[in-house]
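Go by the hints and put chains B and C with the ligands onto chain A.
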Amino acid sequence: MAASKTLGERLRERGVSRRGFLKYCAATASLMALPPSMAPAIAAALERARRPSVIWLSFQECTGCTESLTRSFSPTIEDLILDVVSLDYHHTLQAASGEAAERAREEAMRAHWGEYLLVVDGSLPGPRANPGYSTIAGISNLQMLEEALAGAAAVIAIGTCAAFGGLPQARPNPTGAVSVSDIVTDKPVINVPGCPPVPMVITGVLAQYLVFGQLPELDEYRRPRAFYGQAIHDRCYRRPFYDKGLFAETFDDEGARAGWCLYRLGCKGPSTYNACATMRWNGGTSWPVEAGAPCLGCSEASFWDAGGFYRALSVPAEIDGARILAAGAVGAVVGGAAVALTRRRVRAGEQAREPVTVDELEQRQ
Amino acid sequence: MSDPMAFLLWVKGPMFNWALAIFALGTLARLLEIFLLGRRPNYAEPRGGEWGPGLRTVLTRSVADPGTFQRAPFDVLVGWIWHVGFLIALLLFIPHIELIQALIGLGWPGLPNPVVDAATAVTLVALVATLIHRLRHPVKRHLSTAEDYLIWTVTFLPLITGYLAYHRLIGPYPLALGLHILAAEIFLIVLPFTKLTHIFTAFIARWYNGAIFGRKGVQS
Amino acid sequence: MTGGSVSDPATMPAAGGPDWDAAKAILNEVRHALRHFVATGESTLIDLRAQPFAPGDLERLLAWLGRGEVEARVEALGPTRVWESAVPGVWLVDHRDGDDQRLTLQIEVAEFPEILRSPAQDIEQAVAILDARLGAAADGGP
Ligand code: HEM
Ligand code: SF4
Ligand code: SF4
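Respectively, the protein sequence lines represent chains A, B and C. All residue numbers in the first sequence are consecutive under our numbering, ending with 365. All residue numbers in the second sequence are consecutive under our numbering, ending with 220. All residue numbers in the third sequence are consecutive under our numbering, ending with 142.
Treat the hints with care, as some may be off.
Stated by the list, open to error - Covered by chain A, according to a simulated footprint, are these stretches of chain B (three or more residues, beta-carbon under 8 Å):
| hint | stretch |
| --- | --- |
| 1 | 16 to 22 |
| 2 | 170 to 176 |
Unchecked claim - Computed spacing ranges between beta-carbons, pair by pair:
| hint | chain 1 | residue 1 | chain 2 | residue 2 | range |
| --- | --- | --- | --- | --- | --- |
| 3 | B | Leu-169 | A | Thr-250 | 45 to 53 Å |
| 4 | A | Glu-220 | B | Thr-153 | 41 to 49 Å |
| 5 | B | Gly-67 | A | Ala-256 | 49 to 57 Å |
| 6 | A | Pro-188 | C | Val-38 | 55 to 63 Å |
| 7 | B | Arg-71 | A | Ile-319 | 24 to 32 Å |
| 8 | A | Glu-350 | B | Phe-69 | 21 to 29 Å |
| 9 | B | Leu-169 | C | Asp-99 | 24 to 32 Å |
| 10 | A | Leu-218 | C | Glu-75 | 50 to 58 Å |
| 11 | A | Arg-14 | C | Phe-112 | 23 to 31 Å |
| 12 | C | Glu-111 | A | Arg-225 | 31 to 39 Å |
| 13 | B | Ala-102 | C | Glu-111 | 53 to 61 Å |
| 14 | B | Arg-136 | C | Val-38 | 38 to 46 Å |
| 15 | C | Gly-66 | A | Arg-225 | 52 to 60 Å |
Keep in mind that the hints were calculated from the coordinates and are not lab data. Where is the CB? At the ideal position from N, CA and C, for every residue including glycine.
The following block holds chain A by itself, in its conformation from the complex:
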């Protein structure tokens, strides 16, 4: 299992021809959202690159992210991508289970100490939470993360739960869930959010690390700019309708059928940074907005708590009508009181009035 051979050698050993390699590089460039002209650079890098060891930890998650990953490409290329990374531990995908699996993880960690790539999906109960909410083989998530972290070169947080806390962290956050970057302070973290992330984005980020052996350029939320650089809204093919003010008002009206913008149906595309509009889902078949469903904002922090999925982005999460009415009532009372005061003052003034004559005035002077 040693990481001695380069990826180029490994691919050729598997009988991949030079044309196949060229094609592989073209597919990889496309996967990494790089311009196709980068294919030769990818080829050169792959000739030099070594097979990195990957340890994948799953904490409080629904396995949607792993499901997504295994749909990233149909077998041949997926094999190649995953085969050239050495996925040494992934308790859902590996054959071993129980203590044997944990031993495999410890061995892989020891063998590649300081070099392996740590991938995490799912959030974890934070330092102040009861660790018993989520354990694997009796080890708390936090402890496992901290142990694995010590020897990791970098951490990739896959999915919104790992990246931002996600569903487990949604109010009232019963398990005290935190994100990976809430824990990791001294290692590079790449966030690959999405609920789940676009499959090709997961493999794309892995491929990027694999090919160039370095971390991609990140945005303010530590998301790779190559995939999260633009808002859904700015790449959405329905954008001309938004700009023209043509909106579907319900899910089955004329506008919906004509493919108009879904803003009024709650589309969070304007505030959501993800690759759906270009990379699409299911091998490029379609994506939620194309299917007529508003974007839920799944690659953004707190998207579960950000107000109704089907309410427009500009509409506040909860409008506290009672408080506003109460305040209005208080205002009415204050206004009434001010009037009463003024009236009293005017009346008092009238009563205190002492008529004077010109003579009196002159005498007073």
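For chains B and C with the ligands alone, kept in the frame of chain A given last:
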């Protein structure tokens, strides 16, 4: 990590409700005071109606008479431009209409975004021009109080932040949008307690003016 | 993309005016690439996979480009279909995997697509391969 989003959720949630509550409280207090106090009873026999002339004056006083225009063409023209632009951005931008509809259940058609965007750009320029004019005109500068600068600022901020958010000129986006909504909330909070109440009182005052003259049978 | 789109392209109007037509934007890019190729001889690759296409845009783009005289198929890591469009020098390269799922679809503006060229390192071994095949033939091969 999630700070800008937490900020956005705060301005869209608790802060929004506070702002609206303060706005409702202040506005109702001020308006009730004005309406309940009314005017000193007039015992003279009316020589004409109040409503018609009142309403007419609301309209006619909104257009400056030629004399005023000749004396201060800048104020009239630029003032009109930015007031109209401000109202377009506020009332005819689809995301805003969506909000108003959620609040009071009333909606109306909006304008295409590029139109609103252009109106916003013009309004921003006009507002900056009014500030420069105020600072450079000796009389205006002398007359200006701290409150005048305050309300210029709270008027300008929602527009500029909205423009920045729309064009994604500052990031991350939740911060940009959060700042915009916060600016709008500050505008709402400040409104009932400053000269900004003229949004309501200007029309009331004009109506009273017209009504008084109408009652006297005089044209205003 | 081709086939399988959830929304039926036929009932979906094209998204918009000239400012957003993704297919037209690509054609513009192709025009630039052609000019560049004529001027410098440098080829250009355009990836059609990650484009903000509306339903039907890709089909429209391919229809606009049309079919030229050449069609080829490469078997390497699954099929790759190559065809020249009706515009000389504008090629389409459709990389698929073993399950015939599209990996990428590229426009290549060149004399011919790179994938068709015999790799130089392979040619270096060509004589040896030929001799080996001759040897096999002498042993009663084909
Ligand atoms: C709490 C109340 C408000 C909310 C929730 C709100 C919400 C929004 C939203 C969601 C946008 C779109 C940003 C984008 O497309 O990225 C926006 C833009 C904008 N808003 Fe507001 N807004 C509010 C109040 C105001 C007020 C009082 C004004 C003052 C006129 C204003 C002026 C603008 C402008 C000028 C734009 C940019 C329009 C453009 O350049 O096309 N907003 N607002
Ligand atoms: S459907 Fe959503 S992402 Fe697309 S233009 Fe409308 S608001 Fe933006
Ligand atoms: S369209 Fe929006 S909610 Fe749907 S997957 Fe993409 S980012 Fe997530």
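Outcome for the supplied range 38 to 46 Å, where the beta carbon pair is B/Arg-136 and C/Val-38: violated (58 Å)
Outcome of range test on Cβ distance (A/Pro-188, C/Val-38; 55 to 63 Å): Since A/Pro-188 and C/Val-38 have Cβ atoms about 45 Å apart, the given range 55 to 63 Å is violated.
Verdict on chain A covering the stretch 16 to 22 of chain B, where coverage means 3 or more residues with a C-beta closer than 8 Å: Held - the stretch 16 to 22 of chain B has 5 residues with a Cβ nearer than 8 Å to chain A, which meets the minimum of three.
A/Glu-350 paired with B/Phe-69, Cβ distance criterion 21 to 29 Å: Violated, at about 44 Å.
C-beta pair A/Arg-14, C/Phe-112: status relative to the range 23 to 31 Å that was hinted: Holds, since A/Arg-14 and C/Phe-112 (Cβ atoms, about 28 Å apart) stay within the stated range.
50 to 58 Å as the expected CB spacing between C/Glu-75 and A/Leu-218, which holds or is violated: violated (39 Å)
Whether the CB-CB distance between C/Glu-111 and A/Arg-225 falls inside 31 to 39 Å: Between C/Glu-111 and A/Arg-225, where Cβ atoms are some 35 Å apart, the hint holds.
Supplied distance hint 24 to 32 Å, evaluated on CB atoms of B/Leu-169 and C/Asp-99: violated (45 Å)
CB-CB spacing for A/Ile-319 and B/Arg-71 relative to the 24 to 32 Å hint: violated (46 Å)
Distance restraint hint 49 to 57 Å, applied to the beta-carbon atoms of B/Gly-67 and A/Ala-256: holds (56 Å)
Cβ separation of B/Leu-169 and A/Thr-250, checked against the hinted range 45 to 53 Å: violated (34 Å)
B/Ala-102 versus C/Glu-111 beta-carbon gap, inside 53 to 61 Å or not: holds (60 Å)
The structure shown violates the earlier hints numbered 3, 4, 6, 7, 8, 9, 10, 14 and 15.
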